[in-house]
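Student: Here are the chains, one letter per residue:
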Amino acid sequence: MDGVHDMGGMDGFGKVEAEQNEPPFHAPWEGRVLAMQRAMGYAGAWHIDHSRFAQEKLPPLSYLGSSYYQRWMLAMEKNVTERGYATPQELKAGHALTAGKNLPRKLTPDVVGAGLSRSSFYRPQQGPQKFKPGDKVRTKNIHPATHTRLPRYARDKVGVVEMCHGCHMYPDSVATDQGDNPQWLYTVVFESRELWGPDADPTLKISIDAFEPYLDPA
Amino acid sequence: MADHDHDHDHEHGSELSETQLRVRALETVLTEKGYIDPAALDAIIEAYETKVGPRNGAVVVARAWANPNFKKALLEDATKAVASMGHMSRVGDHLVAVENTPKRHNMIVCTLCSCYPWEVLGLPPVWYKSAPYRSRAVKDPRGVLNDFGIDLPKDTEVRVWDSTAETRFIVLPMRPAGTEGWSEDKLADLVTRDSMIGTGLPLDPREVK
Chain A
1 MDGVHDMGGM
11 DGFGKVEAEQ
21 NEPPFHAPWE
31 GRVLAMQRAM
41 GYAGAWHIDH
51 SRFAQEKLPP
61 LSYLGSSYYQ
71 RWMLAMEKNV
81 TERGYATPQE
91 LKAGHALTAG
101 KNLPRKLTPD
111 VVGAGLSRSS
121 FYRPQQGPQK
131 FKPGDKVRTK
141 NIHPATHTRL
151 PRYARDKVGV
161 VEMCHGCHMY
171 PDSVATDQGD
181 NPQWLYTVVF
191 ESRELWGPDA
201 DPTLKISIDA
211 FEPYLDPA
Chain B
1001 MADHDHDHDH
1011 EHGSELSETQ
1021 LRVRALETVL
1031 TEKGYIDPAA
1041 LDAIIEAYET
1051 KVGPRNGAVV
1061 VARAWANPNF
1071 KKALLEDATK
1081 AVASMGHMSR
1091 VGDHLVAVEN
1101 TPKRHNMIVC
1111 TLCSCYPWEV
1121 LGLPPVWYKS
1131 APYRSRAVKD
1141 PRGVLNDFGI
1151 DLPKDTEVRV
1161 WDSTAETRFI
1171 VLPMRPAGTE
1181 GWSEDKLADL
1191 VTRDSMIGTG
1201 LPLDPREVK
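Protein chains in written order, with my numbering: chain A, 1 to 218; chain B, 1001 to 1209.
Incorrect hints may appear among the rest.
If you only want the chain A side, here are some residues facing chain B, beta carbon under 8 Å, derived [as the list claims (entries may be wrong)]:
#1 Lys15
#2 Val16
#3 Ala18
It should be emphasised that the hints constitute simulated quantities derived from the structure, not laboratory data. For clarity, every value in this text was computed on a predicted model and none was experimentally measured. Ideal Cβ placement from N, Cα and C applies to all residues, glycine included.
With the rest of the complex left out, here is chain B:
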């Protein structure tokens, strides 16, 4: 059983150890009932720790920057365009890419739970799932951006997408100036996770040279 790999928390009676005990009980019972296989759980955890991350989304963005036909296809049908790259597992049927322009900045949130485009961005960070982000993103996105150190021009339209159904959104950030002729691989190094959520911008090209 994977149980024995778990760290022991020595603060017995603390909330954490109570949680650990309950999770263990769940896993043991569900395994003994024949519903789940702990080895499959190990494989899922490993995939999220090592394979499914924001690099998946970054290579999509980099290709859109480098290839106008791919960009057009991505904005028309992101599910199909991402699937055509063939390098990652199926992304589900409902991915939509939204484009940042000098006139418009996009931001993604899920106010009701924490829906997130896992297949292209990996596990959502704690802040994305937190009450401060979920409550403020739809009402004061500029304030949220300030928390991330970003100050958009006053006349930029801010568009917030609340993921209230099974559609998942990914932001296509603007390609930084000074990257003419860069390879897709090098461009992908500029694409941060937060820039694809809309709470960040791509890195400055001088930072990765």
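Extracted from the complex, chain A is given alone in its bound form:
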């Protein structure tokens, strides 16, 4: 979706300000949110692309006005209630009013290491790989109303395939509950002028990781 989360190339946000000696968390609740997210992911309650999509659907002012972990919390509330793991009444009351649903597994202290590792996103291919390194491609001019990982600044642009990363689950399908729908994944590199026009810094090259359905031969 064409939301405010898709920030690449926007102007006006100002300087990048690094905090010296930044602590891991700025408040204890941030750690709780992160850890709950890991635990619910491990349990199989939802996928990372559901979390991303839930954040993207936040009203723009809410997205921009919330901190990173606040957005995680808001997205988690959405996924918890919309996927039926708890009701808004329960979150409001701060207590469960009925028993929970069954989940495939539960993160317990003895398996916390597994909760920290990323799972594999590789999936068996559905068809042959269409592109190889060196191929010229044009990204599609698409504007789906749902989750996609093709950023606006890189749509309808000509680039070159640099790497193939194998076949991965496809976020556009996963986020809308249409299954893994595995797709080949490539790093595609663009000249800065292709993205930003003739005045762009000529020493700059930008790459994205693009799933095969985003690409046409060029």
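Mind docking chain B on chain A? Use the hints.
Tutor: Quick look at chain B alone, frame taken from chain A:
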């Protein structure tokens, strides 16, 4: 319940206390429903506070500097090379190391959310997740580098990697001159987090002698 360990914010009605209350409600409900175990949450938080940090990435970089065979393996398949070191938990299947050279400087960003190589660098800093970085890194990386006090030569190629899928990138910075014969341990002290994101450079060896 871990609830009681939380700091109390006395500005009731402020955004922060509202957030704290909602996070508490979530944790209580999800725990009572049987989905999560607060003790596992404690362990995850502890791991990120004490174990999973940029030192993981720094020892990888130091080994690549010290050992040409490891460097070759790292650039060919970073997932496999890092796993072969065996000192850290699995890094997932999709790590790619990109090498800085006198001709090319690499920088990592995620414009769409804030994807970051957590296993090798730990928690991402706030600036990495911020709108200024996510918006400007792909269009004006030299300006971003200036914000970090870095001015690259005019003819250096700047390559920005937007992490739009589940591939994660780590920059292999250039080994500083004057470090011949250094141990991997000592070399790792030069490797800053930002140098592995591409918004910084390794420390000057004179700073750690």
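Student: Take the hints in turn and mark each one as holding or not.
Tutor: Hints, one by one, checked against the model:
no. : hint  : in the structure
1   : Lys15 : holds (5 Å)
2   : Val16 : holds (4 Å)
3   : Ala18 : holds (5 Å)
Consistency note: the structure conflicts with none of the earlier hints.
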